[in-house]
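Q: Each chain, letter by letter, is given below.
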Amino acid sequence: MATWTDWTTSQLPVVLAGVAVLAGAAALVGCFAYLRHRSLAADAVAHALLPGLCVGYLLAGERSLPALLAGGFATGWLALVLHERLTRRAGIRPDTSLAVLLSVFFGAGALLLSRIQRLGTGTAAGLDHFLFGSASTLVEGDVLLVTALAALVVAVLAVCWRAFWLVSFDPQYAQVIGLPVRWLEGVLALLTVGAVVAGVQVVGVVLMAALLAIPAVAARSWTDRLGPMLGLAAAVAVAAGIGGTLISAGGSGRPTGPWVVLVLAGAALGSLLLAPGRGLLARSLRQQATARRLQNENVLKGFWILHERGENRPLAEGELAQRGLIRQRFLAATLRRLRSRGWVAGDAKGWSVTSAGLTEGQRIADRHRRWERWMARHLQLPDDHLHDAAEALEHLSSSDLDDRLRRDLDENPPSEID
Amino acid sequence: MNRHHRPAERVVEIHDLTVAYGRRPVLWNIDADLPAGQLIAIIGPNGAGKSTLLKAMLGLVPLASGYVRFWGQPFRAVRQRVAYVPQRESVDWDFPATVADVVLMGRYAQRSWWLRPSAADRQLVDRCLEQLGLSELRDRQIGQLSGGQQQRAFLARALAQQADLYLMDEPFAGVDAATEARTLALLESLRDAGQTVVVVHHDLHTAARYFDWVLLLNLRLVAAGPVAQVLTPDLLAQTYGGGLDLLHQAGSILADDLLPTRDPTHGNLD
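Top line first, the protein sequences correspond to chains A and B.
Going by this note's numbering, the first sequence opens with residue 29, and the numbers climb by one from there.
Going by this note's numbering, the second sequence opens with residue -19, and the numbers climb by one from there.
Please note that a few of the clues may not be correct.
What the hints assert, rightly or not - Some residues of chain B that are not near chain A, with every Cβ distance over 10 Å (derived):
{"hint": "1", "residue": "GLU(-7)"}
{"hint": "2", "residue": "ALA16"}
{"hint": "3", "residue": "LEU38"}
{"hint": "4", "residue": "ASP72"}
{"hint": "5", "residue": "ASP81"}
{"hint": "6", "residue": "GLU116"}
{"hint": "7", "residue": "GLY127"}
{"hint": "8", "residue": "ALA173"}
{"hint": "9", "residue": "VAL207"}
{"hint": "10", "residue": "ASP214"}
To be verified - What follows is a set of in silico ranges between Cβ atoms, one per label pair, in the way DEER data are often shown:
{"hint": "11", "chain 1": "A", "residue 1": "ALA420", "chain 2": "B", "residue 2": "LEU184", "range": "48 to 58 Å"}
{"hint": "12", "chain 1": "B", "residue 1": "GLY154", "chain 2": "A", "residue 2": "LEU274", "range": "50 to 60 Å"}
{"hint": "13", "chain 1": "B", "residue 1": "TRP94", "chain 2": "A", "residue 2": "ALA420", "range": "21 to 31 Å"}
{"hint": "14", "chain 1": "B", "residue 1": "GLY154", "chain 2": "A", "residue 2": "GLY169", "range": "53 to 63 Å"}
{"hint": "15", "chain 1": "A", "residue 1": "GLY346", "chain 2": "B", "residue 2": "ASP119", "range": "26 to 36 Å"}
Simulated from the structure, these hints should not be mistaken for lab results.
Using N, Cα and C, we set each Cβ at its ideal position, and we do this for glycine too.
Bound-form chain A, shown alone (with noise of 0.2 Å):
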């Protein structure tokens, strides 16, 4: 397990300045590691990192860091490249292989860091801290070091993101119309391998697809244009770095990683409930809004019934109740709506229609009825087909549908009008 090194307060400028780089950058990458259904690959090249950073740490006899990120990147390579071989032309389904690569290869990197920590140099090392990350252990070389990567990715999207985008969306068209597509699939995995060894100091192999995936995640709810998604989900990572950060140094020695992945796992969440248009809320509040309108307009058609009927007296709640015009658990809530539009009047011993409310009432008797005619000429039903389905017919409020309808029954007159 991994020891959390304290924070000197000196030290924290450069690490927040690291870790919001890296973030920003990593979120940017799973983009399109996400658009692409790539997000696991990208777990299992994180996990696939470890037995390189051990390799490199044994070649290099030292703690260096350009050894081990060399080793981690050359693992990660080659787990993405096992991937395509296995899936590719050994035919094992992409979940499988990913499943296996990144136990056989995280295993592999657990034996060779229980070796090192048995030659009695690995706590020293630091090696440990791979696993879930250790931001304190950043200095300013690596910081410049993680920034360099960090601008390399932002400028090879900057030139690219149009082909990447085509290319995500529908490879074998971009593929036709002469994008070089493999080689663009080859620049977004080095990317990607790219960002995950520059943050797998600050965040660990086991927590870093995190910071791919979820920027991404948090960032699509609020918007459907490539462009905005980038922005957000780097402004989202950003922010969750600099929190996750900040939470860690004020309660000292508390890992950083997790904190990070903790505060963007809460940003994801709060988009995922609270965007416009996909958040679960607004869909919750549009369903609301249209049980409420088709209890309305239930109760409105319901009492021009009643008058069709003659039945015009004020009627208590029970007898409304009684007569069918909707559930009752809706009705009391129902009319009161009602009655603040000007539908209904009355109260509890008695409520009766307005006149607005009689004309809306018989525009949906009216549809109704209309559409048990059109199904019964053109759909050929039995009668008793007729009105279940005309009860959810009633509800569309499209008034170039109504026209149609109103027109095709006009142009073929019903022989009989009910």
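Given chain A, put chain B in place with the hints provided.
A: The following block gives chain B in isolation, referenced to the frame of chain A:
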């Protein structure tokens, strides 16, 4: 609809084309010439290799033998003149792109992918959207479209390529009547402008009405030619009837025994 009786220029030459997935051959020794300025259908039962033939023509699947030439040249030399409409199911429609974005992708067939689209590109995109009745949906996310509208977005993207030859994989599959009518009108206007359209088609009933020229395909080419000559009971029976069990079995054995689809060691005795 067979108004083009004079012998037409040859747009595509398919010569001895064999395609194998893994080692199992799915198309055997196809020879066909496709004439210019025609609406051409590729027709055959499920699993006949119709989509594979399109993909093989476009270099998306490797050839086990043979070659394909467009205007006498290999595909990569003339790819700017060829537009492809893949099957609608081939992409994830929950993708952050609007209808106009997707159509704009077609412009990258004619321009470098690292450049911004120009004002002329955007005007052309607007015209293509208009032509397929998508103008009002231009800023919709593509996942919010109906199946027929998605299919039209793909057609508009191909149209934005301003190609001379259009290869379309099942553009009529699972679309509403309005989309079907609009698609057919588009194909006819392309043909009337002198372009060539090749369509993988599954519906025998509409084939004779919609197309000028037909390829009947079932693992091998059964027949190719003007609709009236090819859509005959006899040839259709050959295409849709059995009789190919032998070829299927041979393909399976080739796959099972890891034999090469083409024998690289054979001599030239014949």
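Q: Against this structure, judge whether each hint is valid.
A: Okay, the hints, checked on the actual structure:
At roughly 19 Å from the closest C-beta of chain A, the C-beta of GLU(-7) (chain B) stays outside 10 Å, upholding its exclusion from the interface. For ALA16 (chain B), the non-interface assignment is confirmed: its Cβ lies about 20 Å from the closest Cβ of chain A, beyond the 10 Å cut-off. Against the 10 Å criterion, LEU38 (chain B) falls within the reach of chain A, whose nearest CB is about 5 Å from its own CB. Not every Cβ of chain A is farther than 10 Å from the Cβ of ASP72 (chain B); the closest lies at roughly 7 Å, contradicting the non-interface assignment.
Not every Cβ of chain A is farther than 10 Å from the Cβ of ASP81 (chain B); the closest lies at roughly 8 Å, contradicting the non-interface assignment. Once the 10 Å rule is applied to beta carbons, GLU116 (chain B) is consistent with being away from chain A; the minimum gap is 12 Å. The non-interface label for GLY127 (chain B) is consistent with chain A: the shortest C-beta to C-beta separation is roughly 17 Å, beyond 10 Å. Residue-level check passed: ALA173 (chain B) sits 21 Å from the nearest beta carbon of chain A, beyond 10 Å.
No Cβ of chain A comes within 10 Å of the Cβ of VAL207 (chain B); the nearest lies about 28 Å off, and the non-interface call holds. With 10 Å as the threshold on Cβ separation, the claim that ASP214 (chain B) sits away from chain A holds: the shortest Cβ distance comes to roughly 36 Å. A hinted range of 48 to 58 Å for the beta carbons of ALA420 (chain A) and LEU184 (chain B) is inconsistent with their spacing of about 36 Å. For the hinted restraint 50 to 60 Å between GLY154 (chain B) and LEU274 (chain A), the CB-CB distance of approximately 53 Å keeps it satisfied.
Here the CB-CB span from TRP94 (chain B) to ALA420 (chain A) is close to 51 Å, at odds with the stated 21 to 31 Å. Distance hint check: the CB atoms of GLY154 (chain B) and GLY169 (chain A) are about 59 Å apart, consistent with the given range 53 to 63 Å. At about 51 Å, the CB distance of GLY346 (chain A) to ASP119 (chain B) disagrees with the hint of 26 to 36 Å.
Figure legend: structure checked against the earlier numbered hints; hints not met, in rising order: 3, 4, 5, 11, 13, 15.
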